[in-house]
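Student: Protein chains in written order, with my numbering: chain C, 1 to 338; chain E, 1 to 511; chain R, 1 to 322.
Below are the SDA-like pairs computed for lysine to any residue, each with C-alpha atoms no more than 20 Å apart in a straight line:
(1) R:K321 to C:F130
(2) E:K178 to E:H79
(3) R:K259 to C:L276
(4) E:K241 to E:P20
(5) R:K259 to E:P109
(6) R:K321 to E:R344
(7) E:K194 to E:V505
(8) R:K117 to C:T335
(9) C:K329 to E:N412
(10) R:K321 to C:L133
(11) R:K117 to C:G331
(12) E:K355 to R:L320
(13) C:K329 to E:S364
(14) R:K259 to E:D157
(15) E:K155 to R:G188
(16) R:K321 to E:S338
(17) R:K117 to C:L333
(18) R:K321 to C:L126
(19) R:K321 to C:F229
(20) E:K355 to C:T215
(21) R:K321 to E:D341
(22) E:K355 to R:K321
(23) R:K117 to C:F334
(24) R:K321 to C:R224
(25) R:K259 to C:A131
(26) R:K117 to C:L320
(27) E:K95 to R:E199
(28) R:K321 to E:H345
(29) C:K329 to R:D121
(30) C:K329 to E:F31
(31) R:K321 to E:E326
I should point out that these hints are in silico values taken from the structure, not numbers from a laboratory.
Since the model is a prediction, treat every value here as computed from it, not as a measurement.
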Amino acid sequence: MAKADAQAGRSSDRQRLISGENVRRILQTQGILIAFILFLVAFSLSSDRFASFDNVSTVFRQVSIIGTIALGVTIVVIGGNLDLSVGSLLSFTTVLVVDLHDKIGPTGAILVMFAAALAVGAVNGLLVGFARLNSLIVTLGMLSAIQGVTLIYTGGQNVDIVDQEGTWFTFFGRDFLLGIAVPTWIFLVLAVALHIVLTRTTFGRRVFAVGGNPTASAFSGVRRARVVFSTYLISAAATGCAALILGSRVMGSQNNVGQGYELLVLAGVILGGTSLLGGSGSIPKTVIGVLILGFIQNGLLLMGYPYYAQWLVTWVVIILAVWLDVASKRGRLFTTTS
Amino acid sequence: MTPVAHHTQSELDDLKAKAPLLVLDGVTKTFPGVKALDDVSFEVRHGEVHALLGENGAGKSTLMKVLAGNHQAERGQVHLEGEAIRVANPLEAKKRGIVLIHQELSLVPEMTVAENIFLGSLPTTALGIVNWRTLFDRAGRILDQLGCRFAASDKVDRLSIANRQMVEIARALVFTPKVVVFDEPTASLTDAEKVVLFDIIERLKEQDVGIVYISHRMDEIFRLSDRITVLRDGQVSGTLKTAETTEDEVTRLMIGRSLEGRPAAAPGAIGEVALELKGLSCGDLFRDVSFSLRRGEVVGMYGLIGAGRTEIAETIFGLRTPDAGEIRVHGEVVQIASPPDAIRHGIALAPESRKEQGLVLGMSCRDNMSLAQLEGVSATGWLDRGAEQAIYDEYAERLALKSPSWRTPVVNLSGGNQQKVVLGKWLSTRPEILIVDEPTRGIDVGSKSEIHALIRRLAASGIAVLVISSEMPEVLGVSDRILALYHGRLAAEFDAASVTEDALVQAISGM
Amino acid sequence: MTSSTLHTSLRRVMIVPPIWLILIACVVFFSFAADNFLALNNFTNILIQTSTIGLIALGMTVVMINGNIDLSVGAVVALAASLSVGMQDQLGILPAVAVGLGSGMALGFLNGVIVWKTGVDAFIVTLGAMIGVRGLVFLYTQEQSFFSMNFAYADFGMSSMAGVPTLAIVFLVFTAIMHWLMTSTSHGRNAYAVGGNREAAQNAGIRVGWHMVANFVLVGFFAALAGITLSTQMGASTPNLGINYELWTITAVVLGGTKLAGGSGSILGTLGGVLTIGVLRNGMNLMQVPAFYVLVVMGVILIAVLFVDQRVSRREAEELKL
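Whenever a hint applies, use it, and build me the whole structure from the sequences.
Tutor: See the structure below:
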């Protein structure tokens with residue numbers, strides 16, 4: 001008798017658990033979206049200009065470079081690795097495409113630039129995928145090496161495009177299509193494409209599997225090294241796209257223009273909710289994460305704060321976002337570590 | 001509801017003779033949504049080995065963690081030598097003389113043996129400077145006492161698993177323990193190492209230490225223990241005197257019913273040779289292994305840990321490169337350089353370690369099931385979700401998978417259901433040769449017999465099955481033929497119907 | 001000699017941090033290749049040049065042995081330098097330096113407590129802090145560089161004791177203290193336990209949370225100290241000081257053999273890593289090789305060391321082809 005009661009109690013416990021789990025799942029998967037919307041509402045209320053089309057499209061344009069890189073890095077991170085070389089690679093590819101523009105023409109410059117980017121991605125991919133070295137250290141080494149190569153290439157000089165009027169190269173950074181800036185188009189089109197790759201193709205599924213459990217993936221016939229290799233190619237190609245935007249916008253380049261981007265990009269990816277452990281995350285999350293960074297900056301500027309105020313807010317927001325995520329998975333706010 | 005505790009007169013005398021050392025009285029512990037321990041009462045006497053049994057999730061590990069101070073019970077009391085105690089953390093438990101020997105070793109590999117033994121309480125001078133001489137002297141004395149053959153200054157990452165376990169035990173002896181809790185201590189020990197461990201347990205007994213022995217293995221429990229307490233669903237379903245009970249009775253208490261006997265073999269269904277190994281060798285792992293596996297047949301591969309069983313399976317599956325020998329599938333020599341090659345040849349491997357090798361734990365059941373044949377569900381590289389769903393629906397039903405939904409991450413399933421997802425993944429590739437490595441490790445008794453029956457059914461449907469196991473009842477129960485391995489070599493081959501346990505034991509220990 | 005005994009003897013050699021072999025090779029190479037390399041004052045130069053990253057690396061090593069990481073050190077360098085230069089006029093040199101050091105320790109404390117209490121990975125917590133602390137620097141400095149009006153401050157950066165530059169002595173003394181801390185005290189030994197097996201450490205009664213916080217305070221202290229010594233060398237501070245230092249520091253520490261996963265590493269290894277980078281920079285500079293090449297060589301050495309380490313430490317026969 002008592003046992004039956006206990007059993008009944010247990011099953012109702014379970015039902016409550018399930019509904020609690022549902023709420024938690026929604027918060028876990030959509031929490032960052034909810035926070036994002038709250039953000040937008042708060043900023044809209046405090047500034048008239050904030051919600052205007054012009055302002056919003058400005059933010060999109062501003063985040064397009066970091067965002068485009070972040071898309072590629074997201075795929076690397078879901079695959080269970082890091083890519084710290086993207087900042088240096090952005091410097092290198094931007095310098096390359098700008099410098100070659102006047103030497104071999106825009107088409108050739110773009111082709112060579114992407115080839116160089118993919119070569120760097122391939123080196124990362126070989127070392128992390130096939131040689132199975134730690135990705136943080138490999139890409140840290142590549143960060144240093146590529147920075148060196150860039151400086152050797154330019155001899156320490158900045159580069160620029162001499163005839164800025166007579167080239168269609170301005171298209172990628174300065175033109176508009178259907179009222180929307182081309183950088184925004186590049187960012188969003190790449191986002192949609194990579195989202196489809198991640199969710200609708202077998203390659204995307206393999207990326208999640210390899211990031212979630214590389215050993216079990218190998219035991220299931222997934223060729224881990226190839227998958228990891230490909231994620232680095234994608235990351236490098238995305239960085240190449242960002243270089244296209246940056247080079248075309250500035251029509252010139254400093255040789256350290258991408259310095260520090262690797263960690264800012266990662267901030268956007270993390271803010272969106274992609275776990276550094278690999279195996280989970282998504283492209284839309286990263287888009288939102290990057291937009292949050294952009295809107296914090298924009299909103300605070302509109303409200304009259306100095307531009308570095310965004311950094312302080314970003315500090316708090318990153319930690320809060322990840323904390324809430326971790327806490328909801330743990331089921332309690334604080335750790336039990338003594 | 002009443003626990004089974006029939007005390008005979010002689011036992012009551014016993015009770016008086018040996019006062020209880022540790023008494024748990026009505027301990028209750030709840031986790032969000034789950035009552036892990038429900039009014040549990042349990043006692044250990046001086047010099048007694050008290051075995052604790054139960055299926056996974058029955059509450060054994062929670063009970064242990066309450067004892068060791070990792071968890072605090074919300075109701076109930078713990079008495080040690082008649083005194084009510086509250087243990088706030090593991091260190092306090094240790095200081096009071098309650099020590100837990102962990103199943104997952106809790107050593108720091110980069111440190112010396114001595115530092116590990118005195119972890120958290122290194123002998124220091126006033127300034128926090130480590131007194132190395134005292135440390136090594138004291139650690140050395142404890143190691144001598146245990147008859148260990150390694151030095152206190154050795155680094156732990158150079159020790160064998162068994163020796164690491166010795167370090168764990170040595171650590172327990174620092175605090176002159178009164179109660180020692182062993183959690184599945186033999187899981188990774190060889191037979192010779194087990195003997196040493198049992199010896200130590202005997203010695204602790206002689207020193208009047210109370211021992212709680214948690215294990216799945218009936219033979220050990222019946223060999224070592226004085227009493228057995230069985231947990232089920234967080235409650236004590238009975239406490240028995242070992243000398244007066246049987247395995248059947250204990251099993252019944254554990255799962256609430258008796259087990260059916262050996263799953264019936266389908267006679268006469270055995271067909272042509274599906275897989276054949278000829279002189280296969282791989283480094284020091286195994287040498288010159290030859291055997292064949294027929295359609296419709298279950299072959300058991302039995303041997304000690306380290307005998308090369310898993311490594312043979314991994315080589316067949318393309319995860320290791322053999323130095324010599326050949327593998328034939330349906331009579332033709334094949335080159336298997338990687339798992340995709342193996343899958344192409346109709347081979348499937350459900351690996352030894354479900355969580356590390358078998359499943360992507362954070363992924364849904366459905367996505368795990370289709371992982372081994374993504375080409376199969378999409379020729380073009382585009383995922384066909386309908387085809388994936390069809391696979392899930394079919395195998396969830398065939399295997400009686402209990403999962404809330406296809407999108408439930410497998411990490412939330414029980415061990416038995418996780419194993420079904422692994423099996424579903426491989427069955428959906430329609431293999432002709434299925435290798436299952438330790439198919440029921442860490443799985444509760446109920447699901448065990450279910451999986452054994454499934455293996456028989458698969459064989460009856462024409463699949464050639466190789467079952468690797470270190471549990472004798474399992475190989476005896478499920479196989480048609482048994483291959484005995486000793487030190488990387490095939491020692492003998494038996495007909496499962498006629499082999500004796502003694503013959504098997506002799507074959508795998510090189511006698 | 002069979003391959004397996006070769007392996008074991010190789011592994012035994014590896015007890016000496018392998019970076020020291022590379023360091024010795026570099027020293028030998030530059031002794032022949034660069035004329036002025038072997039001079040005593042060149043070595044003190046190297047020590048001064050490496051002391052900034054070297055000091056941070058001492059703290060970073062301990063944090064990384066714990067299995068954590070601190071990406072905010074570069075920003076802390078700038079904050080401590082700005083505070084200790086900017087507050088001199090109001091407070092005097094020593095109190096201003098104390099404020100600088102205190103700011104680093106306070107931020108380390110904050111990082112540590114957040115890592116401990118929230119359970120968020122240290123990489124993420126300190127990535128946030130890296131961005132935020134740089135914001136604090138700009139907030140305090142209003143984007144201005146500060147110059148020290150008191151010559152005693154800059155004089156300290158140039159001073160020597162018994163012919164050895166003071167900054168080099170500071171670095172070496174702290175290296176010795178940290179080596180002693182990690183090898184001889186229970187706090188140091190516990191660091192390996194916390195990084196190697198956190199649950200075991202906790203079960204053994206080590207106060208893991210406070211232990212980690214203490215180490216974050218340490219790395220904060222060393223980053224601040226590095227910022228202050230750097231500003232004494234320049235007699236000034238800029239808000240952009242220390243950008244990318246976190247990456248160079250991690251490079252040096254990893255070169256020294258400390259594992260990212262925690263549980264292993266040593267101060268001697270880190271010293272070797274820091275000196276190797278210093279010798280490379282200095283030697284190539286003396287050979288009139290443009291500084292850019294150092295970056296390439298450093299990157300290649302970092303990856304090569306990782307590669308060799310993996311090949312030596314892995315047990316070929318037992319490994320699966322994954």
